[in-house]
Amino acid sequence: MLATIGVGHIDALFDEIPMALRCGELEAIPPGMPEMEVSRLMQARARIDGQPLCFIGAGAYDHHIPAAVWELTTRGEFYTAYTPYQAEASQGTLQLLYEYQSMMTALIGMDVSNASLYDGASALAEAVLMAVRGNRKSKSKRILLPRSLHPAYRRVVRTIVRNQRVELVEVGYDGNTGLIDREDLEKHGGEDFAALVIPQPNFFGVLEAVDGLTDWAHLHGMLAIAVVNPLAMAMLKPAGEWGEQGADICCGEGQPLGAPLASGGPYFGFLCSTGKLVRQMPGRIIGKTVDVDGKTGYALTLQAREQHIRRSKATSNICTNQGLMVTAATIHMTLMGAEGLQRVAAASHANTGKLTQALTALPGVEPVFEGAVFHERVLRLPIEANKALRALAAHNVLGGFDLSVDYPELGDALLVCATELRNEDDIENYRGKLERVIQSQVQTPCRLKPDW
Amino acid sequence: MIYEHSREGRRATAQAPLETTEATDIPAEMRRSTQPRLPQVSEMQAVRHFTRLSQKNFSIDTQFYPLGSCTMKYNPRACNTLASLPGLLSRHPLAPDTHSQGFMACLYELQEILQTVTGMYAVSLTPAAGAQGEFAGVAMIRAYHDAREDSARSEILVPDAAHGTNPASAVMCGYKAREIPTGADGDIDIEALKTALGPQTAGIMLTNPSTVGVFERRIKEIAELVHAAGGLLYYDGANLNAILGKVRPGDMGFDVIHMNLHKTFSTPHGGGGPGAGPVGVGKRLEPYLPVPMVDFDGSDYRWLTEEDRPDSIGRLSAFAGNAGVLIRAYIYARLLGREGMHRVSEFSTLNANYLLKRLMDAGFDAAYPERRASHEFILTLKKQAKELGVNTMDFAKRLLDYGVHAPTTYFPLLVSECLLVEPTETEAKEDLDNFVEIMRTIKQEAENQPETVKQAPHTMPVRRLDDVRAARELDLAWKGSE
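Line by line, the protein sequences are chains A and B. With the first letter of the first sequence counted as 1, position 161 gets the number 161 in the working numbering; the numbers rise by one all the way through. With the first letter of the second sequence counted as 1, position 44 gets the number 496 in the working numbering; the numbers rise by one all the way through.
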């Protein structure tokens, strides 16, 4: 090959790189390892993290994934293809994405869906930017963002929209119900905002009065941006049917639809909207069309919104999305069907109810908010939440998410979740361990030495 | 269409809880009144349908896929198998540090490996893809200028040949994107750069080797010019595969870079993603790196968050980015090791230069014939388009008939009728020779029976699609069978 090129040594191929810039041997990088040694290393690493019993939700949920989902998703033809730029050689991916768009729009009750964004939080940032561009009634770049929304989502939105001078105004929550505080909201009724963000369920697991909130937003010339758990949509009123006209944009974390917990990713963000807003939508969209013989086929469409065509005038800079996760979600939704998803949602709801009942039977453990929840609940402990979680973790139970950092006003509060995978033994296991942890912390420790 | 297999009441029964419960404590007006229209099929029907769909794709596992600027190299199976170990798949992102040491060790070591191989001072792994890495990088440039109250800087310079994400990312960070022309030799037009630089310059975004497939020879001079004007240099890592272990962006004078792990570190492209776009920085941008990052005190690993890093540009995703992609990249890096990294750039450059030479010998025109190809190169089919009326798109579609995925077409925009070809290091010589033969055959067809090429593809599941109709008569979701 070198002779064909006409050089004597492979180094000659780098002759346009100035010698002064060349690096040496990268000593700090370990030497290569054969597969069996890497395998041993990774097995050891995976083992030391254990597989604790998990009652944490807070944006990532442990659900059963049918075996066929990842068997199919990791087929080389899905796993190692790229963005379907050559439509004729990518009909598999393109049709699958069209089917995904069909399923998401059915689940959310809206006209259009894109083919995915990175995750739920960054999808909300894109939804906010979309609302600022798309709200013709508002000249403002201000958004109402409730404190009952996931704290990490609020941070991510801030990071992403800050440099475009979008202003995020926080709305408080009601201390008794955990719902968006209507009095606080009313204070902004006379001001110009592009959109109101409405979570369902909210970060506390509580179900917001979405109909009233959506109508309120529309009454005040704002768009309604729904942030939902897609699994909850199998059981709850879909965002497209909220209030008189439905929400305008709906986004969220797709993880509950077939993505394993896997330390937080890859998951995928979904984004749906009314048909009116489709030209403001970021990311890939697939359309059905015909070929020269009139045969049905699928292609990337409305590409004039995207960076590879519009460059600095694109709706977003997104290029690579989360295609493989959407492949898994499409197969997941197909296998579960509406009935299956509804059963998973109902079982998770019921299990969290059982968990709440079991834990609140312990002295000093009480629910913080009244009202209906989806599959998470805030509980107050009689001991320091952080200490309780550490003690439980030492016994291989992850007892929930400590709310005291983001919501210090709630005291020693935990956000707990029991999906359909946590059975009665698991719940009893948690209850028994929490009981012992509370006892050991509440009791005065024995003194080894008398203090006289 | 999966919905066409659907029959009322049919289910893959084994997949959901056997009993159903009514959530009576949820008020009726909050509940759904009708079920969403999802497919109602058996497990076997689903498996058959999606298996058949997969077979309509070209992929690295089934075809030569020389898609320029995308680095479609083989994705070792071990990376997927080991990243899918139960302990890794079941770990909750908010699990306490006591139950995360194995996972965090992998991320920490990956940070160190990427730091070393790029010559940067520090790395944050969190960006979910290249474009998010670009966003993070430009946002850090902005944070740096803002911290110095140097707020008149309003422009990011990008070469006219840059990826579309570059100007789009600059705009997302509140900057104006200003284009710099490329010279006839493929290097950036230095005189034009000098004219464009000024007190309004926040920075420049460059890919090196550039998107025209050659190494920017005057990179040191460019870095000096930009720095002298008070701007910073951003390195788009799309083409890092070409120089891995040979030359490092940090040594070229770049202040901030992103890497595409789904390219250079061989994580799968997945039909459009997920990727991972870690960012690396020089010392002065270190405080602004996005969170979370992993720290190690010699005995324990822990997360660094907003509290530890108050000047950070912040968080880009709810958790820690595409963790599973990072784990795959880490496994790939450990398999390769330092020698393997040198081989990546050597063999990808060897393959590209060999393929270019053979194609030139077969009568094709290189866009920059006097230059050494990097890991990719551009052919221009101007002559064929003019003389035979057969253009680049026709060649691309005909390649599909011969079982080869088309190279990138009509990018970069400044070379007319261009094909951007990136064979990658994992293709054998025989596969490259086969590609040359196919290109030679298509050229002959273009000369003797041009209609065959202009009507291609002939053997795909569909022929050329009506894109105009797709955009005009929008059909974006199944509405039911008529």
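In short, the hints are calculated from the structure, not lab data. Even for Gly, the Cβ is constructed at its ideal location relative to N, Cα and C. Worth double-checking, as some hints may not be accurate.
[As the list claims (entries may be wrong)] Computed footprint of chain A on chain B, listed as stretches where at least three residues anywhere in the stretch have a Cβ under 8 Å from a Cβ of chain A:
1) 562-569
2) 828-841
[To be verified] Calculated cross-link-like contacts (lysine-lysine; reagent style DSS-like; alpha-carbon spacing at most 25 Å):
3) A:Lys-139 <-> A:Lys-187
4) B:Lys-698 <-> B:Lys-672
5) A:Lys-139 <-> B:Lys-628
6) A:Lys-141 <-> B:Lys-628
[Stated by the list, open to error] Not close to chain A: a few residues of chain B, all C-beta gaps over 10 Å, as computed:
7) Glu-474
8) Gly-539
9) Ser-603
10) Leu-649
11) Pro-651
12) Asp-747
13) Phe-748
14) Gly-815
15) Pro-909
Now for the hints, and whether the structure bears them out:
1. 562-569: With 4 residues in contact (Cβ-Cβ under 8 Å with chain A), the coverage given for the segment 562-569 of chain B holds.
2. 828-841: Three-residue rule not met by the segment 828-841 of chain B, so violated; n is 0.
3. A:Lys-139 <-> A:Lys-187: holds, 19 Å
4. B:Lys-698 <-> B:Lys-672: holds, 16 Å
5. A:Lys-139 <-> B:Lys-628: holds, 21 Å
6. A:Lys-141 <-> B:Lys-628: holds, 19 Å
7. Glu-474: violated, 7 Å
8. Gly-539: Nearest chain A Cβ is 3 Å from Gly-539 (chain B), so the label is violated.
9. Ser-603: The claim stands: Ser-603 (chain B) keeps its Cβ more than 10 Å from every Cβ of chain A (closest is about 12 Å).
10. Leu-649: holds, 19 Å
11. Pro-651: holds, 20 Å
12. Asp-747: holds, 17 Å
13. Phe-748: holds, 14 Å
14. Gly-815: It holds; Gly-815 (chain B) is separated from chain A by about 16 Å at its closest Cβ, greater than 10 Å.
15. Pro-909: Non-interface label fails for Pro-909 (chain B): nearest chain A Cβ at 5 Å, not farther than 10 Å.
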